[in-house]
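K.L.:
Residues per chain, in single letters:
Number of protein chains: 2
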Amino acid sequence: MNKVRDIDPIVGVLVAESGCVLEDLDNHVQQFGYIMPVDLGAQKKCMLGGNVSTNAGGLRYLRYGSMHGNVLGLEVVLPDGRVLDTLFTLKKDASGYDIKQLFIGAEGTLGVVTAVSISLAPSPKASQVAVLGLSSFSQIQRAFVLARQDLSEIVSAFEFWEKRCNEIVVEFEGYQSPLSGAHEFYVLVETRGSCMRHDAEKMDTFLKTIRDEGVIEDAKTFNELKAIEDVWLFRSQMANAHNKSGCMYVYDFSLPSKYQFDLLVATKSHMSSLNLYGSEDSPVKDITIFGHIGDQNIHLQVIARSFGGTVEQALEPWIYEWVGSHNGSVAAEHGLGAHKGKFLKYSKSPTVIGTMKSIKQLLDPRGVMNPGKHVSCA
Amino acid sequence: MNKVRDIDPIVGVLVAESGCVLEDLDNHVQQFGYIMPVDLGAQKKCMLGGNVSTNAGGLRYLRYGSMHGNVLGLEVVLPDGRVLDTLFTLKKDASGYDIKQLFIGAEGTLGVVTAVSISLAPSPKASQVAVLGLSSFSQIQRAFVLARQDLSEIVSAFEFWEKRCNEIVVEFEGYQSPLSGAHEFYVLVETRGSCMRHDAEKMDTFLKTIRDEGVIEDAKTFNELKAIEDVWLFRSQMANAHNKSGCMYVYDFSLPSKYQFDLLVATKSHMSSLNLYGSEDSPVKDITIFGHIGDQNIHLQVIARSFGGTVEQALEPWIYEWVGSHNGSVAAEHGLGAHKGKFLKYSKSPTVIGTMKSIKQLLDPRGVMNPGKHVSCA
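Protein sequence lines, in the order shown, are assigned to chains A and B.
Just so we're aligned, residue 1 is where the first sequence starts under UniProt numbering, counting upward by one.
Just so we're aligned, residue 1 is where the second sequence starts under UniProt numbering, counting upward by one.
Because the hints were derived from the structure by calculation, they are not lab data.
No distinction is drawn between identical chains; accordingly, a pair holds when it is met within one copy or between any pair of copies.
Cut-off 30 Å, straight-line C-alpha distance, at most; resulting in silico cross-link-like pairs (DSSO-like, lysine-lysine):
1) Lys-345 - Lys-3
2) Lys-3 - Lys-258
3) Lys-373 - Lys-244
4) Lys-220 - Lys-125
5) Lys-125 - Lys-258
6) Lys-208 - Lys-125
7) Lys-220 - Lys-208
8) Lys-3 - Lys-373
The following block holds chain A by itself, in its conformation from the complex (with noise of 0.2 Å):
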């Protein structure tokens, strides 16, 4: 099931079997002029069926959009056996109930994915990145909404982390940070168009508005094919290097703009008050965030010196009834697997759940795909 059916070379549209590799369909399509709509950390190994099936997110949200949006129709293998087909090519349709969308981000609870027509993006001819230096999460929010304004139709990503996510970046990834001196928070803002000389302008427009403003302490381009990878490996080996810096306990939580900053010092706050953390020899070392601004998406990392016992029973459920509390959403990006089903219940009501319930019910009575995950827990 890695094959290519079709492409409308016209207006975009790409229909591929579910075990394609995303890399493999990037490059394919960028033969007609166009790039995937969504593109992540492990597009080398990740394949499309599961981009669908876990509504996937990634770094270009911001600018390419939702699952929800680009994916235009799906083959789905029911329970039964039937064939659901909506593969589709149609960007409008507004015939009947959009079923297709009940398979995006199920997990294989529903059925399984076995092609997918998507929507693709016109290929960018020009790309640069900038990194800031700030000293308040405010500023960042700042930063975004003057990006909005000056960079307008060109940003692609804005990615945000903080001090000790680039410390923990420099020591155990052994990479040399992006900004010479040292700053409360980072911010990467990616452009992607159609005319370089026009995007350089809007960038030196953008970084004078936030230099005058007192927005920044200090920003950086980067121009080049090479610097720009180099800029993004080091953005992309935050988890991994989290990863190597102790025991990590993370975090993939969605918040409204005016909470995002709070969850990181409630979360201090929280494990300090029951003594474990604040002082050189507390059970947990680091506790940090970083995300993409743009659309919400924050991740949250507990580095604690040993798994298990009192550091995870005071973060869970601990954690979750927080951002339920907060209107946010207990999984962002990365689903609910078999682990935060029975978490869905802090951010989604019983209605909620029981109509989820009741359509896992309908499509799969006998609760033969993928037992036991996903809602089937919660």
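Put chain B on the given structure of chain A with help from the hints.
P.N.:
Just chain B, lined up with the frame of chain A:
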């Protein structure tokens, strides 16, 4: 139910009640630097709940995408009176089945949408329009491919209509044609960006490319607000003008790019073979198409001298069969309503329709929501 409940000005998310008028919301969010991600000819009257329930497409789908991508959450009153609250404001959410999607395009048959959370688009700082005159439909498609290359991220609409449509608007609305000469086809290409100087330069490059390649016969650009509005008015009066020109049968289809023009050819040929079209006193006066190239959505008009009789019998269900057999959708952006449910079978398989009906039965077992419409008559 016409209140704005909340706005996240940093990432651009609006929560509003379903009775809010689209244009009012657009005006409201502009103070925060955003626009609504959908715009329709009916924006002065249509309401947000209706936009969601009909899965509205509109003029700039090409740029801003679908309701399925932009709607982040819904508040829905279920047939049994319970409130299904998925009114989240989060762009990334992979926690369970995305059940709100079922209500997008359901035309009120599964529940009543009372509030909507929707992702906004950054407000453009610059806009311009060019009207092209072309000699063939394949030249329109070639111009679209080149626009995706040269105008890329700033293209916001790519509309086409044919010679007879142009004549009908001139004759029945009294508007002046945007081009002085007559052409087999016309295209309206609009850009929206953040720098007028850059956008004008990109438009010049695009026009030079399509002139040099011999893709167009004529082109005229419009930069002043009033002139842009006039061109859009010409385009938006197309359906009205056709309606004034005779007894209009109007169809709203999506078709793969390669079959779009064939629909017109096939319809003319079919009606001619039945002696209903082609001579001066034929029962059918005109058969025309116009539409949105980038999203495969075309509107076909058959203008008869009187309603009913042999013309209607010749058209339906023949035209739905033709669209279904060419992998098209029988309802692109105007939904199924009371009339088109029975034609759903031409573009969706029995398994797909059966699954839709089982979902209707699950959520509305007593059949009290918008009875006899939509999939209920499929």
